Structure formats: C-alpha cells, structure tokens
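Student: As a plain string of letters, each chain reads:
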Amino acid sequence: MIETLAQVALNAVVLGVTYTLIALGLTLIYSMMRIINFAHGQLFMLGAYAFYVIFAQIGIAFLPALLFSGLIVAAVGFLLEKSLFRRLRGKELSSLLLSLGIGLFLEAGILLLFGEKDKGVMSPFSGAFNVSGIFIGKERVALLLISLLIFCGLFLFLKFTRTGRAIRAFSQDTDAAMLQGIDIDRISSMGFALGSGLAALAGALLAPVYWVNPFIGGPAVVNAFIVMVIGGLGSIPGTILGGLILGAIESFGKEYLPGSWNEAIAYSLVVIVLIIRPKGLMGYED
Amino acid sequence: MARGRNKLIVSVLLLALILLIQSWDSPITRASEGEPIKMGVLAAFSGPASAWGLAVLHCIEMWADEVNASGGLEVNGVKHKIELIKEDTKFDAATANAGAEKLIYKDGVKFIHGTVGSHTTAAILSTTTPAKVINLHYGWLKDLIDPKYPYSFGAMPTAHEWAEPMYLYFREAFPDKKRVVLLARNYSGGHAVVKDVEPAVKATGRELVKTIFYEPKTQDFYPTVTKALSYKPDIVDMTIANTGEAGALLKTLKQLGYTGITTQQTQSDPATLISIAGAAANGHFFVGGGTDKVVATEKMRKYIAEYTKRYKAWNEASSQELYPPVVLAKAIQAAGTYQDNDKVAKALQEVNFASDYVKGNPKVYFTGEKFYGRKARLIVPICLTRITDGAAGTVKILKPRD
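These protein sequence lines map, in sequence, to chains A and B.
So the first sequence is numbered by our numbering: it starts at 1 and just counts up by one.
So the second sequence is numbered by our numbering: it starts at 1 and just counts up by one.
No wet-lab data here; the hints were simulated from the structure.
Check before you lean on any hint, since a few could be wrong.
[Said to hold, decoys possible] Here chain B is said to cover these stretches of chain A; the calculated rule only asks that three of the stretch's residues, wherever they fall, bring their Cβ under 8 Å from a Cβ of chain B:
hint: 1; stretch: 108-119
hint: 2; stretch: 123-131
hint: 3; stretch: 135-141
hint: 4; stretch: 188-199
[As the list claims (entries may be wrong)] Straight-line distance between alpha carbons at most 30 Å, and here's what the computed DSS-like set of lysine-lysine pairs gives:
hint: 5; chain 1: A; residue 1: Lys138; chain 2: B; residue 2: Lys302
hint: 6; chain 1: A; residue 1: Lys138; chain 2: B; residue 2: Lys343
hint: 7; chain 1: B; residue 1: Lys232; chain 2: A; residue 2: Lys138
Everything numeric in this text was worked out from a predicted model, so none of it was measured.
From the three backbone atoms N, C-alpha and C, an ideal C-beta is built for every residue, glycine too.
Bound conformation, chain B alone:
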C-alpha cells in the first residue's frame, strides 16, 4: 500500500517536473513565436537611383536583423520574425508595378517599404490601394499621399516641410541676401520641389528672380550656371540636386566667379561633395540627417560604424531612412495586428516618439492634415547643415512647417 503511495508521489513529482520544464519555453515565461511578418522592400537597387534605393534596403535589413536577433517583433505577446522580400524597381515605373504585384499576390506581403521616386510610387498605388497594402514610400509629389490613397505614407519629409524654415534661417542669418535663383532637374520631382520652394522664398521676403530647369542627363553645368549668374543672385538653391550634381554645380559656380550662398533641398553626402567640389564646397548648405559631430548622439555614431562595417561605406541618405521601419513596427504593435491594415494605418498616424539618434531628441511623427488632407508625411530630424573648412556641421535643427 505504502509502496503504491510512494509510486504515486514519485509519478506526480515527475509529472510536475515535466510540466515545469515545458513551461520554461511557454508563454508564461516569454512570448511564444508566431508566423513571420513578411515585408516587401521595393526600391531601385540598380540603375541611377540605386544610391537612394540601397540606402532604404540597408536600413531595413539592419533593423530586421536587430529585431530578429531579439526574438522577433512582439505583437500582442507573440513574437514574429521579420521576413524581408526584395524587389528591384530599376527606377522604372512598369518594373515597380510588376514588383508590387508579385509582392502582394505571390508573396502575400501586407507592408511595402519603397518605392523611391515619385513616378514609381505613382505606378504602384493602383495595385497597393485596393489590396490594402501599407506603403511607406519616398515619393515627393503631394498627390501620392492624397486621402484617396489611405494606405500610402510618405516616409520622409520634403521641401514643403523644410523650405520655409530654411529660408527663415537665411533671412535671420543673411538679411541682405535677397535675390534667389532656383536650379532644378527637369522631371516630376524637380517640378514638385520647385512648387514647394518658390512660395517659401516669397513668404520669407526673398526675391525669386529665376527658376532654371536642367535636363536630367546634364553633366556639364557651365551653360546652366552661366545663365543663373546672369541674374546676379545672392542665393543659388540647387533644389533637388543629387550629390554628384551638387558637387559639379558648386565647382562650376566657383569657377564662374560666384561668391554668394548656395543651398539645396535634399540630402548630400558631405565627403563625396567635398571630393567633387573641393574648396568650392565650403559654405554650402544642405538638409542633413544629423550625422555630424555637432548633433549626432553616441547611438547614431554606433549605427554609422555598424553600417559602414557591413556595407563598406556609409550612405548619408540612411540617416533619414533608418526611421520608417521603426515607425511601422511601433504602429503594428500599437494596432495589435499585422493583418488588419485599416488599424495599422490609423495607428501610424498616431506614432510619436523622440529620436535618440540626434541631440535634442527631435520628434518623429506623421504630419500633413492641413496640406495633404491626412497625417501621411513622416517627420524625422531635419538638420540644416553647412560645410565649413571641409567638414559638415548642423547649424540649426529646423522646425518643420505643418
């Protein structure tokens, strides 16, 4: 009888031990592992916009690896690994739409990072909107985040948000510099940025003397700059110039005798700019992401070091593109779902947190109710940066216009 009781006690203890061991890997002690969350990365990984598209890809890869290393993205107590599916748009509208169709209907993604460029984003909206796929893109045109596209979000601020604060700074710092010439690439993005900058110039009491468009394939800027200088500008704004164009423009301006202020409405890689323009880069303003020694935090420096180790070189565009994956993750967690994109889209508009990559912790959030009709333009730290003595430094963190 006693032996039987002992057997029962031993069996109960054994069972308890087994349950204890099992519970070690159960939701009681940590979040269980759910199915992976698929995310599409649809951007130009080859072709002339690859510097931009690869920066998007690298930032998302780094974020996904970090999330996966921590066990996954926790949604409602369940951890989900992030599975990235990449599609190259080659900066071509038809290829972008084919990529979007493949990501949505073959791979089953509900979230797409990209595309880069307005024309490729415009091309995919007719595919992503009916499929209710959240699209965090890098298109500049206002129409791309119109209320009729409720799942489309601009993943970075544009000249609409920063041109006016930039010119307000110029008004304070250089009150006698009034005559402004705008130079812009003759394509949809160039015309879009001019529409944002022209009113900003006028609103801040500057005089817009001329807007000159140059063809996208331009490599020699002597004719363009000769024309610009015939208007005797105090400020030459290169609007949407990429780093190569900005470098060549700066050099040409200097060679043709210009000594006034130069600026641009886009990011530039300061090291590349200086390697192209040399001393002519000194004094130039551009919109930075806060990577310089003036405002970069230890976290930003570590991020740049890790990025450089992994991808051989730091890409300055990544200083703003590192935020969108974090923002989307926060929205998914707040919505408590990665399947109902009506809830995720709503949650995205409520995301608001302080950046710990830039000193002063500027806010990261969506804006645009007044101008775009919905909060669909992501605001990340906007650092007005100037090159002085061969080094870039933030002169002011701009407060974006709503």
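With the rest of the complex left out, here is chain A:
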C-alpha cells in the first residue's frame, strides 16, 4: 500500500518534470511574442530525430549529441523567426496559422525523409534502481537530473545574462524594452531559437525513454498547452507548477480512479482555470 503510494508519487514527479520540460519552450515563446506556437510539438519531434541521427546512427556520445540536437533545432527556430514569424509580428491569428502550417510541413517532411516506422534509441542508462520495492529506471533518473540542470540553467540565463534580461524585458513590455534600446529583432530571433532549442532538448532527452516517429509531437504539445494554461500563460515558474499538477493528476488519477477520469480531471481543471483565472495560476496580466 505504502509502496504503491510512494511509487505513484515518484511517477507523478517524473511525469511533472517531463511535462514542464516540454512546455518550457512554448511558454518562453508565448511570453515574448504572444505566439501560440502549434509547431512546438514538431520542433520537439525534430529534436528527437536529430538525437536519433546523431546519437543512434552516427554514434556521438550522449551529452554532446544532446547538445548538438538542441543547437540544430535552435538554428531552425532562429531561421523560422527571421524569415517567417517576424513578418507577422503583432498578428496573433496569422502567426498561429503559420505555426500550424509549419508543424504540418515538418511532420510530412520527416515522414518522407525517415519513413513511417517507429524508431528506437537505446538509452545508455539501462536498468533500474529498486529502493524498498519502489522502482525507477536509470534513464529516468538521468532525465530528472538533466532536466533540473536545464531548469537551473534557463533560470540563471534569464536572470543574470544581458540577453536573458533583454528577453525578460521584451516579454514584460515590448515598447519599454525598445525605448531602452533593446534590439527587438535580435532578441525575438534569440528567444525563438531558445524556445525551439528547449523543445528539441525535451525531444532528445525523451527519445530513449519513449520512441520516435513523425507524429510524437502532437500528444506532447497537447500536454504542453494544458500545462501552460494551468500554470500561467508566459510564466516559467507557473509552467513548472502546471507540469507538476498535470503529472500528479495523471499518476494519482490512473492509480486510484476508474477508467480515464484522470483525463477528465485535467481538462476540467483547464476549463475552471480559464473561467476563474484566464491567465493561469501564476500568469501575469498584459
């Protein structure tokens, strides 16, 4: 009984961290540019494929492969912002439609390039820890540790670097940021690249844990949206909170509620938050 409860709680934390990891880039891009990036799931998928090629096919070591995957997709994000999204700045609906189109394009492109079959990426961390009947795969421990490093790194980058502060200023008040001499074009590109890179890191980290195919981005982005809405649109602490809440609902709901009530609870919570606090639990007003 206690063992099961502890296992369920541990599952909730791992799931929460995973959801946060996927949603971080989405939140960052929304907070800066007010773009609901529907291509976020496909950037996540692109990261998983980049990692599959670099790590599983070419054979580069785990951590450098992770880094390269993030950088490659960050470059894709940089180019997307510079060539497409910048032209639609301030037009939220057009940007949303553009992101949908990019998502479909990326999905179809990867399907053509890599084929329809699922792909597996063998984790370098095989096996599991067993602590008094509570199990956790070693790959999940690695996922947790690297995710925490990413969260801390992002926090420090946004808090203490010049570019990070500029991104925060841009996300809080675009006009004031421009008056302070911040190069909006450069910061937009940097922010979009960072958000895309974060999506790719999530995809790359989860590739050995799940599996890879051109359509893994869809389910991932749905959870990311739930996390963002619950936690707070554009708020990074809110995203972490939202991720942990969704992880807890899924893990405890699956164990202790019949059928798929966990899903119903998650979506009900989204509706309640949207009605009572449309900006999410920790989101801020424009």
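Once you have looked at the hints, place chain B on chain A.
Tutor: Showing chain B alone in chain A's frame:
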C-alpha cells in the same frame, strides 16, 4: 494464263503470310489485352496510422507491378493491366468517405483496398455498399463485415480468430501462469480487441484479473504499468499496442520489476521493438506473419529483399498484407468478371489456397460464417512469434478459431 496463275499463287501466299504475321499477336497465340482494371487504395498514407496504411499500399503496388509485368490479370482469356488509384484517408473518417466517393463516382473503381482502422471503414460502408464496390479493409470491428454489408471483407484475421489458440498455447507451455492483465488503448479498436480476448482468457482456464485502458496519446506508461503490476499478473497482454507502445511498455514493465510473460494481439516489428525495449524485449510474444528464419520460405525472403530495396525498409505489417491483392485477383478470375461484384463477392468466399511464403503452407481463405454471419474474414498464416536472445522466431503456427 500461266503468268496470271502464278500471280494468283503469289497473292494467296502473300495474304497467308500477312495473316500469319497478324495472328502472331492475336488471341490464337496469347490473351488479348483488355481495358485496365481500376483498383482504389484508400488508406492512411500520412498521420499516425501511416505505418499501417503504407504497408497496405506497398504490398498492392508490388503485386500490381508484378501482374502488369506479366502482361496483366487474365480474366476469361483477356489480360487486363491493373491501374491503381490512391487516396490518403489521413486516418480521418470524413476524409476516408470523401476519398471513397471520389474513387467510386469520379474514377469509376469497383474494388477498394483499405481503409485501415475501424472508424474509417465504418465511415465508407454507406458509400461502398449501395455502389456494390468490393472493399477489402483492415477494420477489426465485427459489425464492419455484418451480412448487411455483402461487399465488405476483413482483409486480415483478428484477435477473435487467434486469441483463443494463443491462450491455449500459454496453457500448455506455462500451466502455472494464470493471472492475466489486459492493457488496451482506449478507442474503438482497443475495446473491440478486449471483447475478443477476455472470453479467450476465460475459456482457456486463465484468470482475467483486470483490463486497463490507456489513452491513445499515452507515451509514458509508468502510471499504467504501476496499476497493472498492483494486480500481480503472470501474463500481461498488451492487446492492440503498436510497435512503439509495445516497446515502451516492455521497457517500463522491466524497469518496474516485472518478470512474467508478455504478449500482444497485434503484429510488431521485432527489430524496432528491440531497438526501443532493448533486453526487455526478450521473451515477448506477438502475432507474426512468418518472416522469421524458422518459418519463412525462400519466396518470403525474396519478397522481403525486393520490398526493402524498393521502399528502403521492410515493414513487418506487410507480411500479412501481401495476401489480399492475390486473394481478390483469384476471386476475379474465378468469377470470370471484374464488373459484376455479386459474382466476385461470392467467389471471394470460395477462395482457398496454400501460402508458399510460410513453411508448412498454411491455408489462405475466408472464414466467419458462425461468428460474423458470412465468410468475410480473411485467414492468412498466423505465426505466434517470440523474441529470444534478440531475434524473433515462430513458436507455433496457430490454428484459427472459426
């Protein structure tokens, strides 16, 4: 006078020569060429079910090319080239029905291969049935081949046919493994397969301790597997899991300390399964099409090699999907028509031949009079396959339940 006679003889000989040359390309020496037979391929070529839909397409393309290279499909002494018209359903019901309408009313097809998935097949039946279009589909639901849809045929066997023989094998091989937990995707196909497997588990004296449904978008199976293991199962049946899901489930089961039997009611690509689950794939059972070294014939090996050369990678689903075009061709030939689908539908139910792709030559035929009300479920070789030491091997060719 003599010169005139000579001229006549020369003219007659010339005429005979011309007739001889003409007859070289006439029905006397070979079947004449008729109009092409149009066949629709209506399946998911994009989207999450594309692995399944593209396998259907590739098998039909390979078959059509082979038939066309031999001059065409011979019906009543006339050879007809096969013309394929492809429509992508995107695994969406409305798109599937629009595709069926286009194939039937614009392109004029009388035969449709596909769709894949029960919901898309259900969507097109109201279009294909009144138009009397033969539809060889990959839907699992029993209703899809009900007698009220006389032109609808299930192009592959389902858990209804193989679950009981599979559990009979488990009873013989592992008599002390009794507690069974079923895991199924929460959608129409998942519920349909559970309806087939639950009675099979009970009929073979196993104990069904729990059926757990997971949402179709699930990627992290820790919560689902934690719940499953709380019931202390001896056998975990992943029912309708696709290869990716099965790989992730196997890995999760192993990480959470499970050491019992695992199986699934669908095909899996063993190489992909092993690349996802690693050593956790060892011992896993699934329904194979006879492509492993134990039962594959030389013809199957050649087919796989040609398929791989053409489409870059072998798709394991094709091991069962290679049969339906052959079956339909045999029915058209037996019926002696490709225009009267009442005759072709009747002929389909009488098709019966031995597979030369699998050792032991298991039969290929339609079954289901008792359960479905008509012979409308195609039986192809059903090979219970197990992964051992990183390689798949057939442990038994199952005798399907009627």
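Student: For every hint, state whether the structure bears it out.
Tutor: For each hint, the structure was consulted:
no.: 1; hint: 108-119; verdict: holds (count 7)
no.: 2; hint: 123-131; verdict: holds (count 5)
no.: 3; hint: 135-141; verdict: holds (count 4)
no.: 4; hint: 188-199; verdict: violated (count 0)
no.: 5; hint: A/Lys138 - B/Lys302; verdict: 41 Å, violated
no.: 6; hint: A/Lys138 - B/Lys343; verdict: 61 Å, violated
no.: 7; hint: B/Lys232 - A/Lys138; verdict: 23 Å, holds
Violated hints for the displayed structure, listed by number in ascending order: 4, 5, 6.
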